[in-house]
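**Q** Each chain is listed here by its residues.
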Amino acid sequence: MSCCLPWPLLALVALIRLPFDYARRQLTHLLLSIIATGPVPRHIAFEMDGNRRYARSLGKEGKQGHGDGFRTLLRVLELCLRLRIHSVTVYAFAIDNFNRPKEEVDALMEMAETRLVEIAEKGHLLDRYGVRLNVLGKRSLLPPKVQVAIEKAEYMTRHNNAAVLNVCAPYSSKHEITTAVESAVREALENRDLDGSTITEGTIEAQLSTSLVGSPPLDVFVRTSGVKRLSSFLTWQCNENTQIHMVDTYWPDFGLRDFIPVLLQYQCKVWREQGASRSM
Amino acid sequence: MPPHWTLRLIHYLYVVAVSLLARIQVWSRKNAPVLNAHRNKVPMHLCLNLVGSNEFTSEEVETAFLECLRRTAGWCREVGIAVLTVYDRDGVLVWCQEGARECISQLETLDEDSYESEVEYPLTPPLSEPSISRSQSPESAKLHQELAVITLKTPLRGRMHKRRHVAVRRRPKRDSASEMGNLTIYIASRSSGKPAIACAARSLLKSHVQNRGAVGGENDVFQLSASELGLLLEGGFRDVVKHC
Chain A
1 MSCCLPWPLL ALVALIRLPF DYARRQLTHL LLSIIATGPV PRHIAFEMDG NRRYARSLGK
61 EGKQGHGDGF RTLLRVLELC LRLRIHSVTV YAFAIDNFNR PKEEVDALME MAETRLVEIA
121 EKGHLLDRYG VRLNVLGKRS LLPPKVQVAI EKAEYMTRHN NAAVLNVCAP YSSKHEITTA
181 VESAVREALE NRDLDGSTIT EGTIEAQLST SLVGSPPLDV FVRTSGVKRL SSFLTWQCNE
241 NTQIHMVDTY WPDFGLRDFI PVLLQYQCKV WREQGASRSM
Chain B
1001 MPPHWTLRLI HYLYVVAVSL LARIQVWSRK NAPVLNAHRN KVPMHLCLNL VGSNEFTSEE
1061 VETAFLECLR RTAGWCREVG IAVLTVYDRD GVLVWCQEGA RECISQLETL DEDSYESEVE
1121 YPLTPPLSEP SISRSQSPES AKLHQELAVI TLKTPLRGRM HKRRHVAVRR RPKRDSASEM
1181 GNLTIYIASR SSGKPAIACA ARSLLKSHVQ NRGAVGGEND VFQLSASELG LLLEGGFRDV
1241 VKHC
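Here the protein sequences come in this chain order: A and B.
Heads up, the first sequence is in my numbering, so the first residue is 1 and it goes up one at a time.
Heads up, the second sequence is in my numbering, so the first residue is 1001 and it goes up one at a time.
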């Protein structure tokens, strides 16, 4: 609709919307600060699914949905940071996604190359909130230019310690667990433990990529777009105490309306556990 | 720090909204089709995660779990689901595996009236101890023993002729052109998960040390691929892996 209106009218519409946008932002901040008075997850993971279906529902090409998905990532990340959630892990690209059409993969690689550095720059989101960026996964599969961009973005945020953003790309849990087992065995060999008595669940868990970057255990897992499976994302980390939410909304549409119930359910769970431990 | 009163209010409103939504969903829910209705798709592998309660004694929990197993196995046989995994964290079903096999036997006994009899020698040995996945080598046999997964098999209802270890063949009355098939039931607990992976890691270490010693390669760096680890953990469950 906006493309059909002349620019003076567009400017007038924007001017009228200003106070409403301001009021909405203030109400959002107020709501988040109220929720933050209760328990909030320390580590939350998002499987950002539904970008292509979202784009196709609007009559666009599937690959165009990834741009909208990235904007939603920034929006949701800011919500998490305002709630003082320490770690946010997102599933940006699966190892299997290299099988997608070359055009789409190239578009995603190009987006990764430019946007990661952009958000790590001074004054941008990661800098404003003191967020350290980690890219987890089998980086050797990425094009060299993207690997360089990742190293640059990680280097720019290396001193930030208020929060952590883990971007899993290209990632699969099978690869992560295999690497963790391999590292645990190598560590045992280095320590001359030849019968493996020091290899336990805990030593393998310590070698997982999320543990190596200092993320606490996963409290909440959210998958969007209505698909009800984990798809090899954080299958080890989704342990006995992780709340798993399968939300019907496509990722680009995910917002406060979908996030609030997730947070409220987490708080109910924590209060229930606190009540149970007090009564014991 | 106690929650702010506005947060309590938000939670109260949320509970009211969720309760209303749940009631609306119950009223508007259509009746589920009957068990033997035609379905375009049926899952090949169903997993049931059983959770007990501290309000009940361990015997009551065991009885309830066995009843869940019996019912679910019966439904799976009826619908044609080929693999059922029943998991409970504390291993209640693993510990009462005799009871589990008895439950499954009861399902087969209920089918006896549906079949005519004819004598046949069994082609496979009778069920004895809990079966463990076929081992490829002594190492993988030992590993699979520590996976703590119990495997039971029972014929799918109406899909194959009945076999018992007393060698009696029964022909189904209703459908002579029936498919051959078994319902495979895996009983698992927490021990089958992360502890099994740790056990696999220890086995890999010992195997590497042995091989390294044999060929004199003290400086060989240990390397592992996802397919190697997968084969070690799931090699005895190939059919499950295919169908998942």
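In short, the hints are calculated from the structure, not lab data.
Certain hints may be false.
Unchecked claim - Here are the computed distance ranges between Cβ atoms for each label pair:
#	chain 1	residue 1	chain 2	residue 2	range
1	A	P144	B	L1013	23 to 33 Å
2	A	L194	B	E1067	42 to 52 Å
3	A	A276	B	E1060	37 to 47 Å
4	A	G67	B	R1039	32 to 42 Å
5	A	L30	B	E1078	33 to 43 Å
6	A	R53	B	L1013	30 to 40 Å
7	B	T1151	A	A276	55 to 65 Å
8	B	E1078	A	E61	37 to 47 Å
9	B	A1022	A	A11	43 to 53 Å
10	A	C268	B	S1105	25 to 35 Å
11	A	R24	B	V1221	27 to 37 Å
12	B	R1039	A	I34	20 to 30 Å
13	A	L194	B	S1227	40 to 50 Å
Note that CB positions come from ideal geometry on N, CA and C, so glycine has one too.
**Q** Could you run down the list of hints and mark each one as holding or not?
**A** Here is what the structure says about each hint:
1. Taken as a hint, the range 23 to 33 Å is violated for the pair P144/A and L1013/B, whose Cβ atoms sit roughly 53 Å apart.
2. For L194/A paired with E1067/B, a C-beta distance near 48 Å keeps the hint of 42 to 52 Å intact.
3. Remark: the range hint 37 to 47 Å for A276/A to E1060/B is contradicted by a beta-carbon distance near 20 Å.
4. A hinted range of 32 to 42 Å holds for the C-beta pair G67/A and R1039/B, which are about 40 Å apart.
5. A C-beta distance of roughly 55 Å is found between L30/A and E1078/B, which places it outside the suggested range of 33 to 43 Å.
6. Restraint check, R53/A to L1013/B: a C-beta distance of roughly 32 Å satisfies the suggested window 30 to 40 Å.
7. Separation of T1151/B from A276/A is about 36 Å and departs from the stated range, judged on CB atoms against 55 to 65 Å.
8. Checking the proposed 37 to 47 Å range against E1078/B and E61/A shows it holds: the Cβ atoms sit about 45 Å from each other.
9. Separation of A1022/B from A11/A is about 47 Å and conforms to the stated range, judged on CB atoms against 43 to 53 Å.
10. Between C268/A and S1105/B the beta carbons are some 43 Å apart, a value that contradicts the proposed interval 25 to 35 Å.
11. The beta-carbon spacing between R24/A and V1221/B, approximately 57 Å, falls outside the hinted interval of 27 to 37 Å.
12. At about 47 Å, the beta-carbon gap between R1039/B and I34/A misses the expected band of 20 to 30 Å.
13. Checked against the hint of 40 to 50 Å, the C-beta distance between L194/A and S1227/B comes to roughly 26 Å, which is inconsistent with it.
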